[in-house]
Structure formats: structure tokens, C-alpha cells
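**Student:** Sequence:
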Amino acid sequence: MNIVVVGDGKVGLAITAQLSSEGHDLTVVDSNSKVLEQSVEQFDVMVVHGNGASLPTLREANADQADLLIAATSADEINLLTCILARRVGAKHTIARVRNPEYAEQLVLMREELGLSMTINPELSAAKEIYNLLQFPSFLQRDTFAKGKVEIVELKVKAGSRLDDLPLNKLHKILSVKVLVCAVRRGSETFIPSGFFVLKENDRIFVTAASRDLVKLMHNLNIKTQKIHSCMIIGGSRIAYYLSKMLIDSGISVKIVEKNPERCVVLSEMLPEAIVIEGDGSKQRLLLEEGLDKTDAFVTLTNIDEENIFFSLYAKHVEVPHVITKISRMEYSNVIQSMGIDAPVCPKLLCATEITRYVRAMANTTGGAVITMHELVDGRVHALEFLAGPGTKYLDNPLADVPIKKGILIACIIRKGRAIIPEGGNCIRRDDTLIIVIQGDRIIVNLNDIFEN
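Residue numbers for the sequence shown, in the working numbering: 2 to 454.
It is worth saying that the hints were derived from the structure and are not from the lab. One or more of the hints may lead you astray.
To be verified - If you anchor each label on the Cβ, the simulated ranges turn out as follows:
(1) G390 x P273: 49 to 59 Å
(2) R163 x S251: 37 to 47 Å
(3) K284 x R443: 48 to 58 Å
To be verified - Listed below are the simulated EDC-like cross-link pairs for lysine to aspartate or glutamate, each with C-alpha atoms no more than 16 Å apart in a straight line:
(4) K406 x E355
(5) K157 x E202
(6) K317 x D294
(7) K157 x E190
(8) K317 x D297
(9) K284 x E308
(10) K150 x D214
(11) K407 x D450
These figures come from a predicted structure and were not determined experimentally. The C-beta atom is built at its ideal place from N, Cα and C for all residues, glycine as well.
Start from the sequences, fold in the hints, and give me the full structure.
**Tutor:** Next comes the structure, spelled out in C-alpha cells:
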């Protein structure tokens with residue numbers, strides 16, 4: 002697919018990285034020649050130096066031949082103008098990055114009136130991810146499939162838990178709920194486990210379950226599911242605004258610590274139900290005075306990764322039950338998880354993944370087969386959603402007799418709206434939706450690619 006990416010900052014670079022790895026033909030546009038040089042060094046892309054919101058630059062980037070143009074600069078208005086001009090010169094689809102909360106309620110109108118295929122908001126995506134994690138605080142990650150009917154959730158095996166030293170073929174007997182462990186991370190190793198795999202303390206496991214069974218799963222694992230009543234947020238960013246609004250609407254009390262006095266005034270006006278504290282989140286005395294040790298959840302949202310990590314470590318030290326850390330550099334992910342900080346959130350990666358799902362869906366309408374895609378285990382494992390069509394091999398054959406490639410697992414079958422955790426006696430039928438889990442970087446374009454020849 003021919004794709005033009007306008008804006009090569011943090012978000013644009015993350016988008017370029019993901020789409021480049023998918024094998025698309027990319028052209029990157031930016032007014033900063035240095036960042037373009039970095040893209041050329043890292044990825045197989047064409048680059049155009051110039052203003053993406055100008056017709057000559059768009060023509061030089063061959064936007065008229067683009068299947069998709071993504072405008073991801075830091076300025077909403079430039080992104081919208083770029084998409085308008087790209088549509089005018091002939092780009093088939095356009096995506097605009099729109100961050101301003103004032104535009105949030107107008108996005109549907111913008112898409113209709115401006116001919117946008119999609120809008121992206123990294124800050125809103127991050128807020129939604131954090132909010133979902135806080136709904137089930139023991140889950141380190143949640144990914145939804147089949148229009149919300151199936152979820153893959155990440156859990157940590159704790160010492161003495163019912164999962165510790167448990168062979169997976171005994172999982173159903175212990176839990177009395179039908180789930181499937183589709184991936185395991187143990188230290189630096191990643192596994193697509195068989196039924197004989199034995200879980201160990203500190204394993205991070207990815208569990209496939211019907212959404213309706215999540216509460217039962219938590220109960221049977223003796224994992225507390227008490228509702229969060231209070232949350233302290235460090236940093237008054239756009240993410241903090243979006244997240245606070247979601248939490249307040251759910252009846253959760255919110256306290257925001259922000260050191261910029263002007264931003265405090267703005268937040269107080271936009272979020273009258275929240276308590277906004279003007280102060281430095283690095284001051285431990287301030288945090289304790291404001292009840293850090295009594296809060297149910299703590300979220301760090303400053304623009305500096307190192308500060309967020311430090312604040313989170315201190316929150317863990319005073320035994321805050323649930324700590325979530327925003328990071329911009331994914332290389333910190335493994336480090337902070339080794340420190341006991343369980344839930345890092347990276348806005349630019351969420352945004353790039355969201356766009357990759359959309360591109361895959363576009364490919365599906367032009368002859369591909371992938372509906373959606375989610376990354377697990379920091380991108381080492383992928384979960385793909387497919388629709389079984391008339392050309393799918395091995396329809397109506399028991400899965401025990403189907404030759405599936407090594408490192409690939411059928412995690413779930415959705416049939417007529419019902420989620421099925423498959424066993425050897427189950428089969429694939431036409432019009433089933435399948436969740437396929439794949440280890441490594443192998444390219445799976447069509448459902449038939451999972452089968453041995």
C-alpha cells in the first residue's frame with residue numbers, strides 16, 4: 002500500500018516504524034531535514050523535505066497516488082489542512098492527528114465535512130488505555146477483539162497463587178472457567194505454550210477469555226476486584242484531562258498535582274469536580290500531605306520519562322496498590338517492569354498500533370484477511386483477528402487434525418456472537434471469526450498462512 006506520513010516527530014516516527022515493518026511503500030514528509038535523515042537511516046522509506054500543508058510538497062510526495070495519507074504533526078490545524086489538500090489532489094484515504102480537547106466533541110462532524118477516514122488522538126488513546134487498566138487493576142494489559150466479545154489480558158503469576166507451578170493442561174480444572182493462556186513471558190524469553198507448559202512465579206501470562214468471564218476469572222484466581230475510589234495524577238497534561246474526566250464520570254475522586262500555575266487554573270476550570278494542587282510532584286512531603294499513601298491508584302503523566310519512573314517507584318515504596326507510568330521511550334519498558342512497576346503506557350505506540358489496525362482493515366477490504374491486530378509481550382507476539390471465508394482451508398475439520406505451523410496458536414473462535422475457547426475437537430466453520438496468536442516477525446497475510454503446506 003502507498004502511504005504518505007506527514008510529520009516525523011515522536012508520533013510520526015512510531016507510525017513509520019510500524020508501517021515500514023508491515024512492508025508498505027512509505028513516503029515521509031517533514032520540514033526538518035535532520036529528522037528525515039534519521040528516518041532514512043532506520044527505515045526503507047522515501048523522504049520529502051517541505052511543508053506537508055502545501056500543494057507543491059504534497060505533489061512531490063506523490064500524494065495523488067497515495068492509498069492513505071497520515072497527517073501527524075504537532076499542530077491540529079496543519080493536520081486538518083494537509084488532509085483537505087491531500088484529498089483534493091487525489092489521496093484515497095486520510096487520517097488526521099487531532100489533540101485539542103476543544104475539538105473532541107466535533108470529531109464526527111470533522112470527519113464527515115472534511116472527508117477524513119479517521120482521526121487519531123494519542124493523548125485520548127493513552128487515557129482510555131489507563132482507564133481500562135484501572136477498571137481491572139490486576140490486569141497489566143487489556144486488548145479487545147470481536148467487537149468486545151473477547152479479551153486478551155496480561156497477568157503476573159505471584160508466589161503462592163493458584164497459578165504458581167500449575168501445568169496449563171490443568172488450568173480449566175483449577176479455575177472452573179474456560180480460558181486459554183496464549184503467551185508467556187519468563188524473564189527475557191517468550192513462549193507460545195503447550196498444555197504441558199508449567200507456570201512459574203513472576204511469569205507474565207496473556208490469557209484469552211470471553212469478556213463476560215473476566216469477573217469470574219478474577220474471582221476464581223482469588224484476585225481482588227474491589228472498585229477504585231480515588232486516584233492521584235502527577236502532571237496536568239492533556240492525558241490527565243481526558244483521564245480525569247473519565248474517572249470523575251465513573252464516580253472516582255481525582256487529585257491532580259501540577260507545578261505550572263497557569264495550567265492549574267485551566268484544569269480547575271475544565272474539571273471543577275477534581276482537586277487540582279499547584280506543586281512539585283517530586284516533593285515527597287507534598288505527596289504524603291496530599292494523601293499518596295491512602296490513594297487507591299497513582300498515575301504519572303509528566304513529559305519526562307525519568308521523572309515518571311522515579312515518582313512511580315516512590316508510590317510503590319509507600320505501597321500504593323495500583324501504579325501506572327507513562328513513558329515515551331519503549332526501551333524503558335523492560336527496565337521499569339523489572340523494578341516492579343507493572344503497567345507502562347506509551348501514547349505514541351498506542352497511536353501507531355491504532356493506525357496499523359486501520360491499515361490492516363483497509364487491506365482486508367482489498368483482498369487481505371486480517372481484521373485487527375494487537376501486539377503482546379512488547380511486540381514479540383501478535384494477536385490477529387481473521388474472518389474464515391469460503392476459501393479457508395480445513396473448514397469443518399477437528400483442530401486436532403489440522404496442521405498448524407509451529408509458534409502459532411488459535412486462541413479463540415467466535416461463532417454467531419459466542420466466544421469458544423478451542424480444544425482439539427472443535428473445528429473452523431465458514432464465517433467464524435478467529436483470534437490467532439503468532440510468535441516472532443513472520444508475515445501472516447491470509448488465514449491460510451497459519452497452516453503447514
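**Student:** State for each hint whether it applies.
**Tutor:** Evaluation of the provided hints:
1. G390 x P273: 49 to 59 Å: At 52 Å between Cβs, range holds.
2. R163 x S251: 37 to 47 Å: Given a distance of about 30 Å, which is not inside 37 to 47 Å, the answer is violated.
3. K284 x R443: 48 to 58 Å: Given about 49 Å between the Cβ atoms, the range holds.
4. K406 x E355: With a Cα-Cα distance of about 27 Å, the restraint between K406 and E355 is violated, given a limit of 16 Å.
5. K157 x E202: Distance ~8 Å between K157 and E202 Cα, so the pair holds.
6. K317 x D294: 9 Å, holds
7. K157 x E190: OK: K157 and E190 at ~15 Å, within 16 Å.
8. K317 x D297: 12 Å, holds
9. K284 x E308: 12 Å, holds
10. K150 x D214: 10 Å, holds
11. K407 x D450: 12 Å, holds
When held up to the earlier numbered hints, the structure conflicts with 2 and 4 and fits the remainder.
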